[in-house]
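Note that the protein sequences, when read in sequence, are chains A and B.
Take the first sequence: its letter number 227 is residue 262 in the working numbering, and every next letter is one higher.
Take the second sequence: its letter number 106 is residue 113 in the working numbering, and every next letter is one higher.
Since the hints were derived computationally from the structure, they do not count as laboratory data.
A hint or two may mislead.
What the hints assert, rightly or not - Lysine to aspartate or glutamate pairs mimicking EDC-like chemistry, simulated, CA-CA at most 20 Å apart:
hint: 1; chain 1: B; residue 1: 195; chain 2: B; residue 2: 115
hint: 2; chain 1: A; residue 1: 134; chain 2: A; residue 2: 104
hint: 3; chain 1: A; residue 1: 201; chain 2: A; residue 2: 257
hint: 4; chain 1: A; residue 1: 95; chain 2: A; residue 2: 150
hint: 5; chain 1: A; residue 1: 201; chain 2: A; residue 2: 226
hint: 6; chain 1: B; residue 1: 195; chain 2: A; residue 2: 269
hint: 7; chain 1: A; residue 1: 95; chain 2: B; residue 2: 84
hint: 8; chain 1: A; residue 1: 134; chain 2: A; residue 2: 101
hint: 9; chain 1: B; residue 1: 195; chain 2: B; residue 2: 39
hint: 10; chain 1: A; residue 1: 95; chain 2: B; residue 2: 85
hint: 11; chain 1: A; residue 1: 95; chain 2: B; residue 2: 77
hint: 12; chain 1: B; residue 1: 195; chain 2: B; residue 2: 229
Here is what each chain is made of, one letter per residue.
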Amino acid sequence: MKRQRLSKGFLVLVLAMAPLGAAFGVQAQPATATVTVLHALPGFTADVYVNGELTLSGFKPETATDPLELPAGRYTIEIRTVGADPASEPALAGTVRLKAGQNLSIIAGLTEEGDPQLNVFRNPLTRVPPGRTRLIVRNVADVTSIGVRLDGVRVFGPVPHGGQQKAQLEAGGPYQLEAMRSGDVAIGAQDLMLEEGTVGIVYAVGSSGQGTLGFMFQTIRELGSSPTSVLTGDGGLATPPGLPAWALVTMMVAALGLGSATVLARRRPADPTNPRSG
Amino acid sequence: MRRRLATWLLVVSTIVLLMTPVAVWATWPHPDVGFLPGMADAGSIGPAVPEESPNVAGASSTARHALTVEVRSARLEDYEPPRRGPRPIGLTIEAIGIRAPIVPVGVEVGSRNVEVPSDVDAVGWYRFGPSPGAGGSAVLLGHVDARTQGPGVFFRLRELEPADVVLVTFANGSEFSFRVVARRSYPKSGLPPMLFERDGRPILALVTCGGSFDQASRSYSDNVVVFAVPRD
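Please work from the sequences and hints to get the whole structure.
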């Protein structure tokens, strides 16, 4: 995980997007990174410029982009209040470097003091064992640390500000997810499904001072794995049949025939010179 | 005269003696029958489902127009897990006299084994895979037998033949009819990846044990899998 602080300013949001023009050409260039951009700053609607182009207009709090496949490289990001003159001084500017194969979540959250801050998290892409879910909780709210309970049970330790906690849990649900702060409920219980074979990422967001604490959620699919065995018998009753009865009888008759033939053949054929014959 | 009879008897008996095992072998239920369209027999993956390419941006950063970026609410309370197909509750296969309840099963804790219903007369549905009739491979499994309970619900699965009909009923009252297309035997450690495929054309896979039985470990060498596809 990497955290990156841009500047104090209004807001932050980042959208690294190169233009549609070459969309088809990308097939030949698999050197891309996957980026999901999340907006977790209360009360600010943003225009996001990437490499000088208006890429995302009217980006609202508590929303996120779909995962974006972007060519690796450096992206310049400028953020302005929605509708602001593109030539005006950006409220916030910065660069993000994307490496091929990475899956990143870029989320604009708050510092512990309540100032805007850009957080870049690297998402794990290791496969999840069959029947399980990887749950990650990240804290980008203006709180030093937050505890998390699933159906009243702590599944991991407190989540420090700007940090995260992970656990691999049995898939299922819905569970009641709530966040605790010094023994009190900070974010009230909400349903959380632990979907099998996915990475579920919960963000604690917002401001405790302004009463805007809440959960945001992101899921990464296609990370499941298949069971490897199906053990459906220990009785030993279904073994392949032996030689069937009809075959045994047939073969016995044939063996008899063979025996008789041998006996017949041993006997000398009728010979007038041999008085014992005939 | 007698010599001729002896020769005759010799020839006929020898032929019968040799041909009987051949006839037995020929009429033996063969572990692999039928054909699964679009599937290589070695058990490789079915037809590749083209990967969805999300918004793919160009390599060039000089183009003029911005790509349309989809934005959605990321509030946890707005999140809706993908809709799943209906829950199967009953299985009927007239051809081998099966009429059994279906219970959802998952993965045995601490292993990569599919959970198997404790009741040998119940059929398990691998609930993390698709629902029967939905895209991908829906897996139903059942005991061939159990040491303490005798023959299981899928004891006669190995007798299913292509064109036999398999009927699945669902909790919502609907039903879905399938037609057997193939039967395969795989070594236990070599189940094909396509068996748990979650996308693509709908397949119903009925799984049990078979092959030879090892008394010492009380386990079968193979899995018998019957594949069925929706009836037209």
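These are the hints, each one checked on the structure:
no.	hint	in the structure
1	195(B) <-> 115(B)	holds (17 Å)
2	134(A) <-> 104(A)	holds (11 Å)
3	201(A) <-> 257(A)	holds (18 Å)
4	95(A) <-> 150(A)	holds (18 Å)
5	201(A) <-> 226(A)	holds (18 Å)
6	195(B) <-> 269(A)	holds (13 Å)
7	95(A) <-> 84(B)	holds (16 Å)
8	134(A) <-> 101(A)	holds (19 Å)
9	195(B) <-> 39(B)	holds (15 Å)
10	95(A) <-> 85(B)	holds (15 Å)
11	95(A) <-> 77(B)	holds (12 Å)
12	195(B) <-> 229(B)	holds (5 Å)
The earlier numbered hints are all upheld by this structure, with none contradicted.
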